[in-house]
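Enquirer: The task is simple: from the sequences and hints, build the whole structure.
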Amino acid sequence: MKIILDWNKYIEKAVSTVAEGIVMLKNEKNALPLDMSETVSVFGRIQLHYYKSGTGSGGMVNVSKVTGIVDGLLEAGVRVNTELLDVYRKWDEENPVELGSGWGGEPWSQKEMPLDDEVVRKAASVSSRAIVIIGRTAGEEQDLRIEAGSYLLTDTELDMLRKVRKHFDKVIVLLNVGGLMDLNDIEECAPDALLYVWQGGMTGGTGTADVLIGKVSPSGKLPDTAARKVSDYPSDPYFGNKDRELYTEDVFVGYRWFETFAKDSVLYPFGFGLSYTTFDIAVKNGENKDNETIIEVNVTNTGRYKGKEVVQVYCEAPQGRLGKPARVLCGFEKTKKLAPGESQSLKIKINHTDIASYDDNNGSDTAYCWILEKGKYTFHIGSDVRNCTEHFGFVLDNDVVIEKCEQALAPVTEFDRIKAVPSDSGLQPVKEKAPFSLVDEKQRLFASIPEEIEYTGDMGLKLTDVKNGKCSMNEFIAQLSDHDLSCIIRGEGMGSPRVTAGTASAFGGVSDELNAFGVPAGCCDDGPSGMRLDCGTKAFSLPNGTLIASTFNKELIEELFGFMGVEMVANKVDCLLGPGMNIHRHPLNGRNFEYFSEDPFLTGQMASAELRGLHSAGVTGTIKHFCANNQETNRHTVDSVVSERALREIYLRGFEMAVKLGGAKTIMTTYGSLNGVWTAGNFDLNTTVLRDQWGFKGFTMTDWWANVNYRGEEPRRSNYVPMAKAQNDVYMVCSDSSCADPDIEKALADGTLSRAELQRNAANVLRVLLDTHAMKRIMGEDDTVEIINRTDSEGGGDEPVEFYDLGEKFTLDLTGVKSVQGENYSFAVVVNNPGFYKVTITASSTQSSLAQIPLTFIAMGTPCGTFTWNGTEGKPVSYTKEIPFFSKFTAIRLYFAQSGLDLHSVEFELLRTVDNMDIAFASED
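Numbering-wise, my numbering puts 1589 at position 421 of the sequence shown, and it's gapless, one number per residue.
Keep in mind that the hints were calculated from the coordinates and are not lab data. In this text, all values refer to a predicted model and were calculated from it rather than measured experimentally. Just so it is clear, CB atoms sit at the ideal spot from N, CA and C, and this is done for glycine as well. Among the hints, a few may not be true.
Pairs of lysine-lysine, DSS-like flavour, derived with a Cα cap of 27 Å [what the hints assert, rightly or not]:
id : residue 1 : residue 2
1  : K1410     : K1197
2  : K1474     : K1504
3  : K1331     : K1397
4  : K1290     : K1279
5  : K1383     : K1722
6  : K1177     : K1740
7  : K1431     : K1474
8  : K1194     : K1177
9  : K1197     : K1258
10 : K2006     : K2049
11 : K1638     : K1722
12 : K1452     : K1517
13 : K1722     : K1452
14 : K1610     : K1914
15 : K1197     : K1279
16 : K2043     : K2006
17 : K1517     : K1572
18 : K1457     : K1517
19 : K1638     : K1944
20 : K1457     : K1331
21 : K1515     : K1828
22 : K1383     : K1572
23 : K1474     : K1740
With beta-carbon atoms standing in for the labels, derived distance ranges [to be verified]:
id : residue 1 : residue 2 : range
24 : N2000     : T1920     : 29 to 37 Å
25 : S1232     : F2004     : 41 to 49 Å
26 : M1641     : T1920     : 23 to 31 Å
27 : D1904     : E1261     : 18 to 26 Å
28 : E1455     : D1650     : 55 to 63 Å
29 : F1583     : E1970     : 52 to 60 Å
30 : T1470     : F1562     : 54 to 62 Å
31 : F1583     : M1641     : 41 to 49 Å
32 : G1984     : S1269     : 22 to 30 Å
Expert: In structure tokens, the structure reads:
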């Protein structure tokens, strides 16, 4: 079947998402929308370097063009102060941005241009409105810090704000950031308008301009509570601990804490966001049934602009024995665009599972149950967690058990947790001991071992026979040898030649023997903000997770990811590594941009929308990182110590929703430890909770080069046996997944690992593969994608990437390769000896001796260093850098920032080998 992907419609959907995700915190003196007849002056160097996303694997999407905010304003016809813009352009040329080098090496921000009073005064003489843009990034291996240029403003930025405020009548501040940042200094400068415009992908500037000019009225809502100080967040005393992170705040995360115990510590509450218009929300009807409550509301636009509103429903449950947050989000819907005076009726269904509490108290009558405690349940309906003017409720005379579980994942370390206790002055946070685990984990693991499928050898059955109903999955798996089973639990990558060039891994058919059985190699690729293609292929860069959550628009996000899914089909990618679903437990988490919210219900709803969109195209997403991956500091070794209740209600809840509502097919575990066991080998996480209690039928994978252990043992990479026994099905990644593994062979021989357990892993992987486009291709039935309205520069090209064997010494002849500004030269190497190499690039130029012609060496999507030539009078000149190579299949790009360079060769010489994967990650320093 032929599928049409209209690039223009894809762009339009992304632009709509950006516009709907922008959160307007303040708008006084009619600062916005802009008056199209007036000139506006734009300040801040980030106007020339819009942050489309954060850093690391979640943001490494190659694009031909990023539309920044000034670009969007100019394209919309806004009269931008071009004289001021030229001042910034000239200074920017003289002060190039700092890209950093190596994994996790990009700085949080860029040096700001110092402003003279005269420059600001002159700008104010031609315009009364000023826009100030402040940008921040963060990402993998790089938490933010309470430092200037990170979470705080720099002195230069603060000086800029003060001077602009002094000279301009109306000041608009835009925050181009991945998550929350400190607002105190900004508020002290008293801007008239303040907006979180987040990171909107490659079309971010267009969507932002649509809001600024009033084409779209802002309708985004805060997915996190903006507190006055970082120290106000209840997780702050424990965040960033390098060994053990205690989740003492328990279920009181974000607004659950602030609305229960610390209302005065809030600058802007959860769910808050202004519009250019106003709305009236009125409850029409409320009906309580056995397992759900249905609330009908009428929303009327009472203002002067068209706009959308989000109706939010929060449940206030009785405190009971357990103690609970004052309010919990349990439902929301967004209106269509309403004209002034227009109304819309919305029906919001609230599943009682979403207002239940988990009783983790050992010895309780309702231990390990989701329950509704007896008492009054009040639903507060409004536009944010505090602005709720309508109410509906019901009373329970007795406790109601919603679901009976069994204890799993409870802590083994003694620690205190917070409980809400009523007092004369209201609810108070009181510490109590978190309940301990009583589970015999070894017995539970032993009891789960399935019955072995008797080995038959090759009976001529192919995986297509399972697909076509000619044989059962068990009959097919019976043919697989011990070696076949050991291969299928190991993904190959990064950049495996078995799948699309420059992607994260191949899974399933990773050996010639498995291919002979008709098992295709499925393709995983980094996300969630678009496809990371390290060979240089261009892809669509999507808005970040925080922005997506701020839309509160499930239908819009499903439609956006429908387009994303078709683009994946065009690139032969079966599985996008996203959405990221970890909780915004603390505002300094570097990967908050990838994740949605401090709230698990909003997280689960938005993730499910993304998955439904991907599934509509026959591809899927891998929900990650499962679970409690809430800091980047020491993420490989830190132990997250969390009560079972907090896990169930906060850190697992979104994943559970994505499995049950979104139909998740693949899941990625974390790098770190959860209550003493690394998640990659945690049986209760991957089997007891995920499969036995939630009914998950897909396959799980480790994060790339993750550590694995049994409880009480030291973790190590490539520790496949505890992983397989835990029913974490695929280790990501191995350099060659087709080779024999001595650990697996030994474990099979001594009975530590059974064939039955490996067969179970194989069945999980193969069930997912059956419904992939990779399977369709083997059967000759795959869809074709025609992309229309995409320019050649936006396309990636399907040229195969050539691989070269990288021995101890290797020289690649580059004769005939010329640098063209903004373009890349791509190739790949097979690294037989991981380690540090001396890389020497030889080139010449006929330009003047004052010319500067930089070339950035990019390996696996990461800038490893910049080589810069001046004019050489046409003579070859060589420059050398030391660069680590860790992945067997390494995609390399030479990025040309300027034209005028004739390349001659690139030489590689091995300096020293390494015997572990530590060089793949940023150091803690």
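Enquirer: Would you pick out the hints that fail for this structure and give their numbers low to high?
Expert: Hints 1, 7, 8, 9, 11, 15, 20, 22, 23, 25, 27 and 30 not satisfied by this model.
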